[in-house]
Amino acid sequence: MKRTFDYLDHLEAQAIHILREAAGQFERPALLFSGGKDSIVLVKLAEKAFRPGKFPFPLIHIDTGHNFPEVLAFRDKLAGQLGEKLLIRKVEDTIRRQGLTDPRGKFPSRNALQTFTLLETIEELELDACIGGARRDEEKARAKERIFSIRDEFGQWDPKRQRPEIWDIYNGHIRKGENVRVFPISNWTELDVWNYIRRENIELPEIYFAHERNCIRTAGGQLLAITEHINLDTDDDIVVRNVRFRTVGDATCTAAVESTATTLEDIIEEITTTNLSERGATRLDDRISEAAMEDRKKNGYF
Amino acid sequence: MNILRFITAGSVDDGKSTLIGRLLYDSHAVSHDILHTLERQTRNKENGEVDLALLTDGLRAEREQGITIDVAYKYFNTPKRKFIIADAPGHVQYTRNMVTGASSADLVIILVDARQGVVEQTYRHSLIASLMGIKHFVVAINKMDLVKFDETVFNEIVDSYKQLASKINVQNPVFIPLSALSGDNVVDASTKMPWYHGPTLLQHLEALPIQPVDLQTPPRFQVQYVIRPQSDDLHDYRGYAGSLRSGELQKGQSVVVLPAGIETTIKAIEVNNKEVETAFAPQAVVVHLTDDIDVSRGDFIVPANEVPESSVDLEATLCWMSERPLHVGDRFLLRHHSASVKAVVKAIEYRWDVHQYTHEPVERLGLNDIARVRIRTARPLFFDPYTQNRNTGSFILVHEHNFDTVAAGLLHELPAPEPVTDFAI
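Going down the list, the sequences are from chains A and B.
This note's numbering applies: residue 1014 is where the first sequence begins, and numbers increase by one.
This note's numbering applies: residue 665 is where the second sequence begins, and numbers increase by one.
It is possible that some hints are incorrect.
Said to hold, decoys possible - So the derived label-pair ranges between C-beta atoms look like this:
id, chain 1, residue 1, chain 2, residue 2, range
1, A, Glu1060, B, His1019, 30 to 40 Å
2, B, Glu1024, A, Leu1099, 32 to 42 Å
3, B, Ala932, A, Leu1100, 49 to 59 Å
4, B, Gln780, A, Leu1099, 41 to 51 Å
Said to hold, decoys possible - Listing some non-contacts, in silico: residues in chain A with all C-beta distances to chain B over 10 Å:
id, residue
5, Ala1086
6, Thr1134
7, Asn1200
8, Phe1222
9, Ile1229
10, Val1253
11, Thr1276
Said to hold, decoys possible - SDA-like mimics (lysine to any residue), calculated; alpha carbons at most 25 Å apart, straight line:
id, chain 1, residue 1, chain 2, residue 2
12, B, Lys938, A, Asp1279
13, B, Lys744, A, Asp1279
14, A, Lys1189, B, Lys938
15, A, Lys1067, B, Glu987
By construction, these hints were calculated from the structure, which means they are not laboratory data.
Bear in mind the structure is a predicted one, so any value in this text is a computation, not a measurement.
By construction, the Cβ of each residue, glycine as well, lies at the ideal position given by its N, Cα and C atoms.
Only chain A is shown next, with the shape it has when bound in the complex:
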């Protein structure tokens, strides 16, 4: 009997295996859910891994407060459909509690501050594992991170002290205070994610599809959605463009791309032919230095 098992089946089976391993090895795991496409795919994979049972973990949204309203609406709708617990922890509250400085400037991104809220949440809920949708193709530092990535008491990633990850044996043994980040879709690329979304017919927030939007064009030529969190100046270059978002993050640092892609087929075609990487096209914060992600991860970032 001939068995057909293509590359998406492989990636899916591996991700389900990792999710079940996390559920089996940890006492208090959680799934970090942003409402972005990667975490939506994780939720789909969790359904395949654990239904008809409940998820053995809550969903947690680390909320910067700088959201796209469409994404928040989608998040709440999905959580309702799933019947799973969704916990929201706000960067706003961390800023107040810890007396942090809310970033100022034209594009006051709270992306870096998410780390504080995440670490606070890990402590509050005594989480021993956080499951996230990071992929190794996103960024060079991520290319070197393990699927079970151990963080010390301060959430820090030490690239030189990573445990070797051999075969698909995942070592989730940790000491008190340590925790693990688990990345089930490490081996997926952006294109794999989109092909999977198409195959599984997964619903996404509308901002992933092309739409007309008022944007501010930055000095570097990037397009940012005009939201209440961006400080507009009179001489700003305001344009109306057909755009979509390739990633969903803090709205003040996530740029849109000009696009006419209104269907999943269009998007896959667009990504196949584009010559910009996902983060390069859309993230202001990774452009600051070549080691921006490496530094953020060492400090406890996702």
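Chain B: place on chain A using the hints.
Same frame as chain A, now just chain B:
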């Protein structure tokens, strides 16, 4: 379209990173903004050309030192395949990284510098790849541009590698002369080596038939997680979730649950929340049994007539990965995929000389040593020899206190006269 996972192995200056960079670059897997960053970084160096090696040298610590300190994973697609590359550093100290990269690879590319020929590192890398069960070997003879694309040089290296291969279990290595720097025979065929008629490296990687999981091997299923909704409508639902690691399982099949040793029948199998008649490796499945048996995480469900070996006394090849040496009598947690058991090292039989391919007696093992050992576990382990099943034949050792992964282990067949122990604990 399927997936080919491969690893590249070479000495420090064999041009390994350049080769990977070339594969990514010529197959258009590199975006413009990333190339732009590369150009900027390269400009800070002496020569002007874009340094393709920078595509894999990810961390700042590595860029500053000009070395690769860890396994990096890279991805690219062609219309024929998705490729996952484990880029393991060639530095002499980093055997453990190569073992890590090789553990999940179908194919290894052994890089040889055409000017140097087969060197000590070639022996080491070939042995590791062979021990780790990689079936497909490519010997990429790089820097052919620096030996004037000379066929004689190529042939000499082929001969000396074949001698090496005959001493260990390397079958039918494929030899490709190339230049990663100039791109000859990497993706596009070289015009400078008319004497070579074989495929380019990428052509070979695309065309090689691979069997990701052997469906002929006995079925092995290990429980990862028990699904019990305990809701009103699903009161009796009890599903054993896990991945099928080899072979096929059928609805209605007679199986035995290990270690309990209880025989039962498969009542139903689910894949992706749907019932199926047959499941095959490497699918993630949920198995239901006819009888109400106590089955927990780490237990095996296997056909009643094809049970794995079982014993508390294990023979294993160990790759030691910790700076702290291993002594006989040291205790660990042995993680056999979803099962974990206490273990003690009873004897170090010999250490491999990875360059001479000889065995030497030693008192203890140091970082990167590969050795044959005897281990005793607190409970019987259910396993297959690694040469028959890379999955059930593999384990890791975890330090008892700091929980670091300190060794990779490959299980061997039990000595013949040893009787198979019963399943009772």
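Going through the hints against the structure:
1. A:Glu1060 x B:His1019: 30 to 40 Å: 51 Å, violated
2. B:Glu1024 x A:Leu1099: 32 to 42 Å: Because 59 Å falls outside the window, the suggested range is violated.
3. B:Ala932 x A:Leu1100: 49 to 59 Å: At roughly 34 Å between Cβ atoms, Leu1100 (chain A) and Ala932 (chain B) fall outside 49 to 59 Å, so the hint is violated.
4. B:Gln780 x A:Leu1099: 41 to 51 Å: 59 Å, violated
5. Ala1086: Per Cβ check, Ala1086 (chain A) is outside 10 Å of chain B; nearest 27 Å; holds.
6. Thr1134: Check passes; 23 Å lies beyond 10 Å.
7. Asn1200: Answer for Asn1200 (chain A): violated, closest chain B Cβ roughly 6 Å.
8. Phe1222: 22 Å, holds
9. Ile1229: 21 Å, holds
10. Val1253: 25 Å, holds
11. Thr1276: Fine: 21 Å to the nearest Cβ keeps Thr1276 (chain A) off the interface.
12. B:Lys938 x A:Asp1279: 30 Å, violated
13. B:Lys744 x A:Asp1279: Judged against 25 Å, a Cα distance of about 21 Å means the pair holds.
14. A:Lys1189 x B:Lys938: 39 Å, violated
15. A:Lys1067 x B:Glu987: 42 Å, violated
Violated hints, listed in ascending order, are 1, 2, 3, 4, 7, 12, 14, 15; each of the other numbered hints is respected by the structure.
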